[in-house]
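Chains B and C, in that order, give the protein sequences.
The first sequence: position 237 = 414 (this note's numbering), numbered continuously.
The second sequence: position 6 = 183 (this note's numbering), numbered continuously.
Accuracy of the hints is not assured; some may be wrong.
Given that identical chains are not distinguished, each listed pair holds provided it fits within a single copy or across any two copies.
Only pairs whose alpha carbons sit at most 25 Å apart, straight line, appear in this in silico DSS-like list of lysine-lysine [what the hints assert, rightly or not]: (1) K366 <-> K196; (2) K449 <-> K225; (3) K196 <-> K225.
Rather than coming from a laboratory, the hints here were simulated on the basis of the structure.
As the structure is a computational prediction, the values presented were derived from the model and not from experiment.
2 protein chains.
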Amino acid sequence: MSFKDRTAIVGVGLTPYGKRGEFFDIPQSDQIRGALQIALTESGLDLKEIDGFCSYSVDGNDPGMLAPALGIPNVCFSNMVFGGGGGGTCGAIANAAAAIHAGLAEVVMCFKIITQPPHMRFGASYGSKAIAANPYSDFHRPFGLISPVQFMAMLVRRHMHRFGTRPEHLAEVAVSTRAHASRNPLALKRGPLTIEDHQQSRMIADPFRLFDCCQENDGGGVILVTSAERARDLEQQPVYIMAGAQGGSSRWGHGLTMQNQPEDLYTSAGHKHLADRLYKMAGVAPEDVDVALLYDHFSGLVILQLEDYGFCKPGEGGPFVEDGALSWKGGRLPVNTHGGNLSEVYLLGLTHIAEAVRQLRGESTSQVEGAEIALVTSGPSNLPTSSLILRR
Amino acid sequence: MSFKDRTAIVGVGLTPYGKRGEFFDIPQSDQIRGALQIALTESGLDLKEIDGFCSYSVDGNDPGMLAPALGIPNVCFSNMVFGGGGGGTCGAIANAAAAIHAGLAEVVMCFKIITQPPHMRFGASYGSKAIAANPYSDFHRPFGLISPVQFMAMLVRRHMHRFGTRPEHLAEVAVSTRAHASRNPLALKRGPLTIEDHQQSRMIADPFRLFDCCQENDGGGVILVTSAERARDLEQQPVYIMAGAQGGSSRWGHGLTMQNQPEDLYTSAGHKHLADRLYKMAGVAPEDVDVALLYDHFSGLVILQLEDYGFCKPGEGGPFVEDGALSWKGGRLPVNTHGGNLSEVYLLGLTHIAEAVRQLRGESTSQVEGAEIALVTSGPSNLPTSSLILRR
């Protein structure tokens, strides 16, 4: 009953990339309209064909406001991945695919715009009253665990302790990602970065140094999904959605630091459970993946995801990334060929999907030769996380 | 590709019904746990089989908090209908059905708990700062349009002007609904109600009198959805989901009072567009519906929905409801046999689905003889609205 290959991504539109707070004064609906226009133009679809909306992370642009603002006459479907953070980006695409597969809608626009307000930052400590109602934070905050970088540092530190993963392995991720960004004219951080630069940068939350941490930005985009049948008549080569998975273990995420987690979960990115379902739906194995766009809010989590998605055995993610293994050219597994959250831009992983589409259309600035199958992941952050397998 | 008859409702659990604010101090997760236990027990499902969550109206119990709180080990799917208000209740069930149909999950719990805080009421004026950011309200509030009852009153007043619908027609809805409530021991308002009582009650927003307006309550529930295949092995007679539709016209809802609406839309409940898709997916016609559970926040909207769903022609909803047409026994179309939002309880329409399940299992306190097919609607409020057709 799965939606394997029944739907496709047919258009992508991104806003300009801004600094954190730069677009705060521009109404999100205006930014969505701009991105949508780009996506429509490249796809050859008409605005009036859009009949569904998907988003995530408690998006405020609900269809009741957005449909009239954009001039979309009728909405047949709209939903959101349930939960905050960047874990839902791929999940929104999967929701669109499921809806189209079920006949609920024909052309769904998946979207997200990030405009960080002056009084709150994604990466800042969870000190606001808004978070005070979260029963889990009561177990973190008295001990000084108040920010995402600290939570994720715990996992990677444990991984280092258990498996001997080294700071240089984290540096490999940052450096290979920057090398890709340097080839992408859109990327915000394109200056050269060496292992030494990384090792000399200031410590943020041990073991994460400055260059292990993603940027924080304003911007976003629109991704258009329709049926495989409709996709065949459009302007772009369709990028078929082979599989989508979402969710995770309830002992990962919010429960990250407070519960007796099994050791395997503690040293993982919490994606193992998704990976199994994802590969099963797609009918492919890790060795079939030509390029991987792995959510990189923090370098070390890329290493943990490589293990969760079976590119190497548990604990072997560190050695796996050595010697340019993640490079677009000649690497064992090209990863984040756009420059990722670390160096291109941080838009909750939306650009990871955009880059997968570019790779499968043969349009990346770090094009993997003959790329046919791409893995894209969202999160790890809170539950749910999500991921996709796309094909040319 | 539709999910017609591929999934079923297999368990329903409701909390006790409270007055507005009565359960505000009880954590929603505790209330969900109680309702879930009832649903699991009646279904024969085990807690650990649940692998998906669906909700609506910007629910705060996201899976990252709820899954560990309930002891559900793995989440494979979770989403929310996109948008606030009571329009998403049926849509959440349709989201679950689509996910199961797509192979994303096997047993999805759809849930909602309402606990109204002391400082805010659903039915109160939209005066809070939270709403100030809504660009549409700027066009309403200076003219005194600040509360849901006023918005809905506009539609029904227009309907009366255009078609000659009379206050007694609204009274018919209130009275027939109360008669059903009086037979339901759970209902909060069971005292006798006559047309005269209705006509003598105080005016709230012309043409709506006190008895045209729903209650406001605390409480909620859980509805379990699984595949038709799995449903066959469980304790209850499955209630199959024939069809689900969601959405609406962008010129209805938020745009209700500010835009040049076409006359047909102005005098409708905004469900016509959904109705066409719903009947098409189900493969049935209005005359096949044995019982209708129509969202009744305000009596007049039931009349408009009767037209939108094709039980009578546009403008004929008033005469249609005369002479006990909505009664469980001998009525032309039994409507809201539980007592509806008006007299049983107002839980954003969750109990309309619960009553449809009772009717199709033969367990209603106002059982429609031989009921095989039920229509359930959510909203009309903002976009999206939603609806379901269920069968025995």
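So, going through the hints one by one against the coordinates:
Only within a single protomer do K366 and K196 lie at most 25 Å apart by alpha-carbon distance; the minimum there is 11 Å, versus 56 Å between protomers. Proximity of K449 and K225 under a CA criterion of 25 Å is satisfied inter-copy only: 18 Å between copies versus 40 Å inside one chain copy. When the C-alpha separation of K196 and K225 is checked against a cutoff of 25 Å, the pair qualifies neither within a copy, at 33 Å, nor between copies, at 44 Å.
In this structure, the one hint that does not hold is number 3.
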